[in-house]
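*Asks:* Okay, here's what each chain looks like letter by letter:
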Amino acid sequence: MKSFTRNLMVGAALSMAALASAPSFAGESKTSPILGITSSSLEEFGGPDGVRAWVESLFYYIMLDNRIAPIFREFGNVERQTFLNTQLEIMVLGGPNEYQGASMSAAHADLGITMPQFNAVVEAAYNACERNVIPYHTCNQLINALAPFTRDIVTR
Amino acid sequence: MKGSKGSGARWVKGAVFAALSMVSSHSWAGIYDDGKVFLTGGVFTVDGGGGGGAVPWATITGYETRDGINGGAGFTYVSLPNYTLNFLGASVGFFDRFELSYMNTKLSTNLGNVDTVALAASLLNLDKNLGLDPNGSNLHMETYGAKIRLFGDAVYTSDSFLPQTAIGAYYKVNSTKEFVTTLSADKAKDYEIYAAFTKVFFRYSTLVNLTVRYTSANQIGLTGFGSCEANHTNCNNDKEFRMEFSTAYLLQKNFAIGGEWQQHGNQQKHRPVDTGDLLSTTSANGATDLVHGVVGNVVGGVIGATALSQSLTQNESDWYDVFFAYAPNKNYSLVFAYLFLGDIAVAHEQNGLYFALHATF
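Chains as they are written, first to last, in numbering that gives the first Met the number 0: chain A, 0 to 155; chain B, 0 to 360.
No incorrect hints appear here.
Rough simulated footprint, nothing fancy, chain B against chain A, three-plus residues with beta-carbon under 8 Å:
#1 35 to 46
#2 107 to 117
#3 132 to 146
Quick list of the computed label-pair ranges, beta carbon to beta carbon:
#4 B:149 to A:28: 26 to 34 Å
#5 A:130 to B:236: 52 to 60 Å
#6 A:110 to B:192: 37 to 45 Å
#7 B:356 to A:150: 30 to 38 Å
#8 A:132 to B:107: 47 to 55 Å
Keep in mind the hints are simulated off the structure, nothing from the lab.
Beta carbons are placed, not taken as given, at the ideal position from N, Cα and C, and that holds for glycine.
Produce the complete structure using the sequences and hints provided.
*Replies:* What follows is the structure, given as structure tokens:
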């Protein structure tokens, strides 16, 4: 009984420490592009609502692409993906870190994503920017911030 | 030895085209790959490999990723005041790691002074073959290239300054040996090696490339390698390191503008066009043969009166260009450029237009 209480206290202390360092739900952290991204990137995307609209366009183009649509149809709940991706993109564009999903490596570990499949999503990302009238240079800030995830996502 | 070299060249050419026909064949659907992002394989350089216009980049040609093979064929046309150049070639990239390339280059001259020399040489039945044609002389060169990516990544590692780094080599065979000898070059065929460093800075939508080439080429080898004093004496073909810089600013995902600088040597500077005795008026006047005596006097008179030999001194400049590249889709790209090539052999201020079409499969 005594040891149980002690374990409980240690556990509580540990989770307090975890809370202090980062939100307990944050499974991924901001990338650090060498030259940074322009500080107005999130604003140029139209703020959080603009990012949400962009992510919706992203999945629209992803689901139109036969090279990658089956993966998302099989493994991803598009509605949940849209929600999580919006949080992720807001974070990497310099907004608050409210991302509730798993880390990029954990989320993609078992999918065996190839380079051509990854690049197909990049193409969808640029198409989404065009569809949402986000300037190419602003779009590149997002690409800049997401590019380092390549090594976590592409496992084959 | 000569024969074995020739067959080696044929073998490389055969391999390139065999590989090309493989990637375009549907039976190779498993290995065929066009998954690379727009323009990140570079376009079609004048040496045949992937890169900018003149500068090879560390990127591997074609739209393949590390999972497959891709390649293409290209044509480049350059129009300069005194020269016209045609480039026809092909290149294949393997697994975004290795590339092979072949380029066939023809340079046609439109040089009154050289034509005059050619005419004089043919009138005098000169023993020495100058490799010149009174109706316009041509230079012809074939370039075989290979490049391997060593480490680093130009595109995806935006959180690291480590550039994509590749090394490559070209073997250039100039088949107009007599002409390049007349232009005082030491050798008509030679190799060159290079290291290229490429990085895309998404923050500024800009690609930057630096290349160091170890070479003794005159005008990328079109006018041979190294140089000699008159009558092919005191030849020197020492290679040196030369810098090349290339940058491209992306206005759209498939449209880039940019510029290049390529350092050139100047080994043929002030070297006369080596015509043997042709341009020394004493020899022309001193011809004892009756017919040649008459013709020789006329030719000698023309040469003296027009200061022809003075107009035949050579010079070489660094190359500069500004370009825009457009890839409407992954099957072809177009490059328009304006070249500032400076002095080429005996002609000065060779600035002109460049057009390249690169079809990828």
